[in-house]
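The listed protein sequences correspond, in order, to chains E and A. Every number in this note's numbering is 5 more than the matching position in the first sequence, counting from 1. Every number in this note's numbering is 60 more than the matching position in the second sequence, counting from 1.
Simulated from the structure, these hints should not be mistaken for laboratory data. On a predicted model such as this, the values are computed, not experimentally measured, just so you know. Some clues are possibly wrong.
Subject to a maximum C-alpha distance of 25 Å in a straight line, what follows is the list of computed PhoX-like cross-link-like pairs (lysine-lysine) [claimed, not checked]:
(1) A:Lys230 x A:Lys326
(2) A:Lys97 x A:Lys230
(3) A:Lys326 x A:Lys229
(4) A:Lys334 x A:Lys323
(5) A:Lys364 x A:Lys338
(6) E:Lys78 x A:Lys134
(7) E:Lys83 x A:Lys97
(8) E:Lys83 x A:Lys114
(9) A:Lys230 x A:Lys323
(10) A:Lys230 x A:Lys137
(11) A:Lys364 x E:Lys78
(12) A:Lys334 x A:Lys229
(13) A:Lys196 x A:Lys230
(14) E:Lys83 x A:Lys364
(15) A:Lys114 x A:Lys137
To be clear about the criterion: a stretch of chain E counts as covered by chain A if any three or more of its residues have a C-beta under 8 Å from a C-beta of chain A, and this derived list gives those stretches [stated by the list, open to error]:
(16) 56-69
(17) 73-84
Chain A residues, not near chain E, derived (Cβ > 10 Å throughout) [stated by the list, open to error]:
(18) Ile132
(19) Leu150
(20) Phe165
(21) Val169
(22) Gly256
(23) Leu382
(24) Ser393
Each residue gets a CB set at the ideal place from its N, CA and C atoms; glycine is no exception.
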Amino acid sequence: VEGGALTEDLTEQLWVDSLLAGREVVKSFAGSFPHFLSQILRRETMKVKINEDWLATLIAFVLLILAMVNFIKPDWVKF
Amino acid sequence: MTTSTVKQEKAGGTGTVNFLVGFVIVVVLAFLARWFKGQVYGVESLFGLGIPGKVLEFPLWAAMLGLIMNPILKGLKVFEYAKPGFRTELFLKIGLVLLGAGISFKVIVTAAAGAIIQGVIMVASVYFFSWWLGGKFGLPDTLRAVMSTAVSICGVSAAIASAGAVLAKKEEITYVTALVIVTALPLMVIAPLIAGAMNMPEPVAGAWFGGNVDTTAAVVGAGTIYGETAQQIASIVKQTQNVLIGVVAFLLALYFTTVVEGKKEKPSASIIWKRFPKFVLGFIIASLIFTFGWINSDASGAIKGMKDWAFCLAFVCMGLELEVAGFKKMGWSPVIVYLIVTVFNTVLALGVSWLIFGWLFPASL
Chain E
6 VEGGALTEDL TEQLWVDSLL AGREVVKSFA GSFPHFLSQI LRRETMKVKI
56 NEDWLATLIA FVLLILAMVN FIKPDWVKF
Chain A
61 MTTSTVKQEK AGGTGTVNFL VGFVIVVVLA FLARWFKGQV YGVESLFGLG
111 IPGKVLEFPL WAAMLGLIMN PILKGLKVFE YAKPGFRTEL FLKIGLVLLG
161 AGISFKVIVT AAAGAIIQGV IMVASVYFFS WWLGGKFGLP DTLRAVMSTA
211 VSICGVSAAI ASAGAVLAKK EEITYVTALV IVTALPLMVI APLIAGAMNM
261 PEPVAGAWFG GNVDTTAAVV GAGTIYGETA QQIASIVKQT QNVLIGVVAF
311 LLALYFTTVV EGKKEKPSAS IIWKRFPKFV LGFIIASLIF TFGWINSDAS
361 GAIKGMKDWA FCLAFVCMGL ELEVAGFKKM GWSPVIVYLI VTVFNTVLAL
411 GVSWLIFGWL FPASL
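Excised from the complex, chain E in its bound form (with noise of 0.2 Å):
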């Protein structure tokens, strides 16, 4: 019985930590993308016309084939 709830107390701990792991993740990836993003916006107010031309036509071909896969229905965008 108490290797049984040894065991269990383990589990637990074990599935406690991962709780506190998985949310440190999701803190730390929260924390930074921010800055990721002020970054590129940083760049971008700098004048640098290049990244503006090359975010533009990322941006325009990740809604291009999102539109392609159906992802992006024409009633959401409609104008």
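Given chain E, work out where chain A should sit, using these hints.
For chain A alone, kept in the frame of chain E given last:
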């Protein structure tokens, strides 16, 4: 780090937050523009004047709302904070690449052939006329160079590119940029009205807008107001003209370093690629995807919707970004030169586009 970046950081908040606040403002205004358009679009006669509601297309509403909100946001001291989200060029380029996904590559090739001829005639004639007239009015060489490039090629981007090549002052760029937008906004509305009064075929009208209106955003706006084919041809003609930015920037850098500054070393030809509008490649690839038949009708509808949204965001930003404060500092001579050159540009573009798109390449469109 540039001064603007430092100022932006001092204003409080990160660049991301500033961008998001500005972006939300632009999106809300775009929704309003769409709503206004929806209210009048089906009306057969506006105010009983016989003007159909269809002429009040979304570029007009979007630019007007941007213009109205411009002083309001400045008055509320929100403008500078939200400015990173006002991205005319970014939204416009996204819209142009998406526009490519609705145009057959054959049309691009045919229209581009005419556009190259038209572009060379227009850019050379308007550039040298503007340069000469600026000299007669005693404008500084750097201002003449920035203004001539802006009026002959494509407004804001060309002004920035040429300013880098001739090392123009910051206030000269701001001044020319304001001039470009102040003249382009009325032209965006007037040009389609004139074209309509002249019963101009859509390809000819599109070529005229592309060769005549100074900013790419206003060109697309004028084309959108006139019709779908006009929008496509206007965009192709303007983008063909935009490709010439790099060549002109290189020639200007060469002239200013060797003739004006008397230096022996020559600028690198790599500036041609550096100034090449890379999104044009995206536009061509998107057109090839469409031509190969890889876009079904559902996807086509979604892409058209997203393209219109992107353009609407760009038109809102165009109104928001108008700055007229620099006019007083530089005096009225450059304004007079710019207006005379704009009239010259408009008349010449009308003749050249009729000749090329009405006579040389009429059937292929």
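Hint-by-hint comparison with the structure:
For the hint pairing A:Lys230 with A:Lys326, the CA-to-CA distance comes to about 24 Å; that is within 25 Å, so the pair holds. Restraint check for A:Lys97 and A:Lys230: not satisfied, since their Cα atoms lie roughly 38 Å apart, outside the 25 Å limit. In summary, the hint linking A:Lys326 to A:Lys229 is supported, as the alpha carbons are separated by about 21 Å, within the 25 Å threshold. Between A:Lys334 and A:Lys323 the CA atoms are separated by roughly 22 Å; this keeps the pair inside 25 Å, and the hint holds.
Only pairs whose Cα atoms come within 25 Å are accepted, and A:Lys364 paired with A:Lys338 is accepted, the gap being roughly 22 Å. Among the hinted pairs, E:Lys78 with A:Lys134 is inconsistent with the structure: their alpha-carbon atoms are about 37 Å apart, more than 25 Å. For a cut-off of 25 Å, the pair hint linking E:Lys83 to A:Lys97 stands: about 13 Å separates their Cα positions. As the CA atoms of E:Lys83 and A:Lys114 are separated by approximately 17 Å, the hinted pair is consistent with the 25 Å bound.
Restraint check for A:Lys230 and A:Lys323: satisfied, since their Cα atoms lie roughly 23 Å apart, inside the 25 Å limit. A distance of roughly 23 Å separates the Cα atoms of A:Lys230 and A:Lys137; the hinted pair therefore holds under the 25 Å criterion. For the hint linking A:Lys364 to E:Lys78, the alpha-carbon distance of about 11 Å falls within 25 Å, and the restraint holds. For the suggested pair A:Lys334 and A:Lys229, the alpha carbons sit about 21 Å apart, so the restraint of at most 25 Å is met.
The straight-line distance between the Cα atoms of A:Lys196 and A:Lys230 is roughly 23 Å, inside the 25 Å bound, and the hint therefore holds. Distance check on the hinted pair: E:Lys83 and A:Lys364 sit about 8 Å apart at the alpha-carbon level, within 25 Å; holds. With a C-alpha separation of about 36 Å, the suggested pair A:Lys114 and A:Lys137 falls outside the 25 Å cut-off, and the hint is violated. Coverage of a stretch by a chain is defined here by at least three residues with a beta carbon nearer than 8 Å to that chain's beta carbons; for the region 56-69 of chain E and chain A the count is 11, and the condition holds.
Coverage of the region 73-84 of chain E by chain A holds. Counting CB-CB distances below 8 Å, 9 residues qualify, and the rule asks for three or more. Every CB of chain E is more than 10 Å from the CB of A:Ile132 (nearest about 24 Å), matching its label as outside the interface. A:Leu150, annotated as away from the interface, has a beta carbon of chain E within 10 Å; the closest lies near 5 Å. Every Cβ of chain E is farther than 10 Å from the Cβ of A:Phe165; the closest lies at roughly 15 Å, confirming the non-interface assignment.
No beta-carbon of chain E is positioned within 10 Å of the beta-carbon of A:Val169; the least distance is around 20 Å. A cut-off of 10 Å between C-beta atoms confirms that A:Gly256 is not in contact with chain E; the least separation is 22 Å. In this structure A:Leu382 is separated from chain E by more than 10 Å, as the shortest Cβ-Cβ distance comes to about 19 Å. Residue-level check passed: A:Ser393 sits 28 Å from the nearest beta carbon of chain E, beyond 10 Å.
Checked against the numbered hints listed earlier, the structure breaks hints 2, 6, 15 and 19; every other hint is satisfied.
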